[in-house]
Amino acid sequence: TQLLEQSPQFLSIQEGENLTVYCNSSSVFSSLQWYRQEPGEGPVLLVTVVTGGEVKKLKRLTFQFGDARKDSSLHITAAQPGDTGLYLCAGTPPRSNDYKLSFGAGTTVTVRA
Amino acid sequence: KAGVTQTPRYLIKTRGQQVTLSCSPISGHRSVSWYQQTPGQGLQFLFEYFSETQRNKGNFPGRFSGRQFSNSRSEMNVSTLELGDSALYLCASSRGLRTSFGPGTRLTVL
Chain G
1 TQLLEQSPQF LSIQEGENLT VYCNSSSVFS SLQWYRQEPG EGPVLLVTVV
51 TGGEVKKLKR LTFQFGDARK DSSLHITAAQ PGDTGLYLCA GTPPRSNDYK
101 LSFGAGTTVT VRA
Chain A
1 KAGVTQTPRY LIKTRGQQVT LSCSPISGHR SVSWYQQTPG QGLQFLFEYF
51 SETQRNKGNF PGRFSGRQFS NSRSEMNVST LELGDSALYL CASSRGLRTS
101 FGPGTRLTVL
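Those sequence lines, one after another, are chains G and A. Residue 40 in the working numbering sits at position 40 of the first sequence, and the numbers go up by one each step. Residue 101 in the working numbering sits at position 101 of the second sequence, and the numbers go up by one each step.
Worth double-checking, as some hints may not be accurate.
Partial pick of chain G residues on the chain A-facing surface, computed with a CB cut under 10 Å [stated by the list, open to error]:
| hint | residue |
| --- | --- |
| 1 | 85 |
| 2 | 88 |
| 3 | 113 |
To be clear about the criterion: a stretch of chain A counts as covered by chain G if any three or more of its residues have a C-beta under 8 Å from a C-beta of chain G, and this derived list gives those stretches [claimed, not checked]:
| hint | region |
| --- | --- |
| 4 | 46 to 60 |
| 5 | 76 to 87 |
| 6 | 95 to 106 |
In silico lysine-lysine, BS3-like type, Cα no more than 30 Å apart, as pairs [what the hints assert, rightly or not]:
| hint | chain 1 | residue 1 | chain 2 | residue 2 |
| --- | --- | --- | --- | --- |
| 7 | G | 70 | G | 57 |
| 8 | G | 70 | A | 57 |
| 9 | A | 13 | G | 100 |
Think of the hints as simulated: they come from the structure by calculation, not from any bench. C-beta: ideal position from N, C-alpha, C; glycine also.
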């Protein structure tokens, strides 16, 4: 059972469309990270959010951390084929003094040219 | 600045054998974590080492072990390999809020 539930599991869209990926949990996290992973490679950190209600923007990507720090979303505007990949959210439990991350199952995003 | 490096990148073993994977973290990162990634289970935490001490351990059998050296480099060992151990093994080094993953070692058990 995944501590973090990601939805949808798969997403296929046309270049130029927008998309949103969700990451939900019944648990509170002190921080939440989003990664993108391409086949045969390790995950690459996109962003870390730590404050409830926080919104971070990275070019066409917008990340939001829920007020209660139990959920997060990733929104991509005007998606491009280079955005294709596996998007993973990962959380750190509160009052944790280590780097153990709990990952969601991931969302496979395909952007068609 | 060099990233996390893992060796070897690919490995093929047979059931019953043992394997050792190596990870060199980013310079200055004292925490090294290991994860197993499979299509069915996703990314599962194996263990974390900090300053040569295991600080946390995931829910894996004792066949999975690891260690960290004084230069922060880490190794993980899997003994008596089973078919289900076939996976991508990822090493991550962390400092502050930043965690960086290596490219992984693809282990295939035949």
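Violations among the numbered hints, reported as their numbers in ascending order
1, 3 and 5
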